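Read off the chains here:
There are 6 protein chains.
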Amino acid sequence: MEPIEYENASEEVRALYDEIKAARGVPDVNNIWKYLAHHPATARDVWEGLKQVMGPGELAPEVKELIYVAVSIANRCEYCVNTHSTAALKKGATPGMLNEMLAIVGMASKTNALAVGYQVPLDK
Amino acid sequence: MEPIEYENASEEVRALYDEIKAARGVPDVNNIWKYLAHHPATARDVWEGLKQVMGPGELAPEVKELIYVAVSIANRCEYCVNTHSTAALKKGATPGMLNEMLAIVGMASKTNALAVGYQVPLDK
Amino acid sequence: MEPIEYENASEEVRALYDEIKAARGVPDVNNIWKYLAHHPATARDVWEGLKQVMGPGELAPEVKELIYVAVSIANRCEYCVNTHSTAALKKGATPGMLNEMLAIVGMASKTNALAVGYQVPLDK
Amino acid sequence: MEPIEYENASEEVRALYDEIKAARGVPDVNNIWKYLAHHPATARDVWEGLKQVMGPGELAPEVKELIYVAVSIANRCEYCVNTHSTAALKKGATPGMLNEMLAIVGMASKTNALAVGYQVPLDK
Amino acid sequence: MEPIEYENASEEVRALYDEIKAARGVPDVNNIWKYLAHHPATARDVWEGLKQVMGPGELAPEVKELIYVAVSIANRCEYCVNTHSTAALKKGATPGMLNEMLAIVGMASKTNALAVGYQVPLDK
Amino acid sequence: MEPIEYENASEEVRALYDEIKAARGVPDVNNIWKYLAHHPATARDVWEGLKQVMGPGELAPEVKELIYVAVSIANRCEYCVNTHSTAALKKGATPGMLNEMLAIVGMASKTNALAVGYQVPLDK
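Protein chains in written order, with the working numbering: chain G, 34 to 157; chain A, 34 to 157; chain S, 34 to 157; chain L, 34 to 157; chain V, 34 to 157; chain Y, 34 to 157.
In isolation and in its complexed conformation, chain G is listed as follows (with noise of 0.2 Å):
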């Protein structure tokens, strides 16, 4: 499938797209959503839920990006590490907290497999 750029969308895409770049400032959208715009119904889907999820709450914006991230390291998402490292570094970030970050997700990976690998029941 290819992407489907602004001046071959459907009126309800080019809405879409509208939003997404008045509300993040951008003069264009992130392939993903050239990609989603053949599921209108998921890219609108995935526009709302990101915005509820990663919006005003009890973690900060950095904290949630890094989440995100982190999440997507042990999903094997190359295009999800790459555009929210870049949004947890302009949402305030800073390259400590993104390899303390990292250096979580490798110690997390080790442990989680060795709880496996031993077996380990749950704790009382």
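Source of the hints: derived by calculation from the structure; they are not laboratory data.
Computed from a prediction, not measured in an experiment: that's the story for all the values here.
Don't be surprised by glycine CBs; every beta carbon is placed ideally from N, CA and C.
Among the hints, a few may not be true.
Okay, the calculated beta carbon distance ranges per label pair [stated by the list, open to error]: (1) L/Pro89 <-> G/Ala56: 27 to 33 Å; (2) L/Lys84 <-> G/Glu40: 29 to 35 Å; (3) A/Glu40 <-> G/Lys157: 15 to 21 Å.
Based on these hints, arrange chains A, S, L, V and Y on the given structure of chain G.
Relative to the frame of chain G, chains A, S, L, V and Y by itself:
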């Protein structure tokens, strides 16, 4: 393999158990240590790594634990999700933060899969 | 390891290539076969398995390919997502079906993560 | 976190439970909802998403559930494999279809691993 | 789906059970076979595959089992970790080898995550 | 994040690079180290861990590398599959061993998925 209790542990392992109990102020170590004890070098290495990675840094302790849980969910380690969720709450994470973290893990897992499925290329 | 082209292949591998080309009506086999050719037993085993699993059954051929793609996304095999998406369309899947399948993969990945994160016990 | 039963649920969550029970014609909601209820926004979001994704489309309802199960297997969510296998049978999937789907999941997992292991490049 | 015991199995499945019991010198087959029996073609295919892959080759039998366990840990199959750990010990792996294998799985899981997280490009 | 070359590295990182180059007899370190260098504590920790885990033990060096590759395939780390396949061959693994390991990874991935899909309970 069976868990190695204090009374059956080697000197080396007992020293580690004592160190962990003292550092955490707990009467007994968690199950994971009683299994890692089968390979003292790994047990020691995990403990040294955890102290360094989860110790003071730019990220708050409860944030570090939330990232640990998020990765453990993505890596499907039930034991690790269980113990590090408890640790997160102990270190100051609120239930609200835990729920927000879980919402991010869900959202990221969805977009991770979609980005891979649509074979989205990196943005320039 | 380098791909093994027809001209450099053993008799056994050539026979397999010929069989695949005839069955699929294609002038050359896909890359995967040129790598599996390093272990003829595995190459043969995969081909026999594919014929049986993807052959006539209770599920329609395009549905089988959609399931194959869905699993390949979840298992993060870019090559497999690519080839089996193409195969699905060839066997009669519509772009609409592909988009619906992708939406399910996204949704399932989200609820899979949430069920693990909340440590939901089995329903009675 | 403990499951939230109807009698202890907020108005918002009760309304959701009622909606799910009515839509599915069941006397009680599944465990997953009683845990998602800790974050009503996520619970609502998952319900709306499921209705849309699993509702009428180009793919038959039982096919949608089979894809859901296949992804849940690949993503290692025991709870999800369990509930969606049941749902698939309820919606008309035959045991034969379930077995064929499982054979595809096994086959795809094997070739996914082999393609990654042999580092097979995309076909032109 | 329920396990299919010998007394309720078809001729075809009984023949397979008999073959496995004879080859392994055990009074009953493991649970996995009693579930695969729902799809005799898959059960047969798995048995033939196992015989070939785990049979004599350049790698020692206990090494083959250790690799099997390592992959099963990474793939999060509790059942498989359990049965193949036992098989490894039976075939001559020492507890020391098992512990070393586990240490490698932990280490690899850590560096796997770090390489993905830092988006490390292939070396030339 | 960009790779950190020797000329731009801190004293601490240069010492690590020198140590790795000497131990391996190579003119330059692999890319992974140039990225880990952003967090010297992690880089050092990985190096010490690798030396211990991959050093002399009950498993032969080439077997250790084969297990490393197998796990890296299951964990979907293209970079790691690439470098550790090369390392395995350097340490004495034959192409035949590599192919056998890959066949095991494929087979295990298939049965791992089937065991999860059929929800097989542990054998007594």
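Hints versus structure:
Between L/Pro89 and G/Ala56 the Cβ separation comes to about 31 Å, which falls inside the hinted range of 27 to 33 Å. The beta-carbon spacing between L/Lys84 and G/Glu40, approximately 33 Å, falls within the hinted interval of 29 to 35 Å. Distance hint check: the CB atoms of A/Glu40 and G/Lys157 are about 18 Å apart, consistent with the given range 15 to 21 Å.
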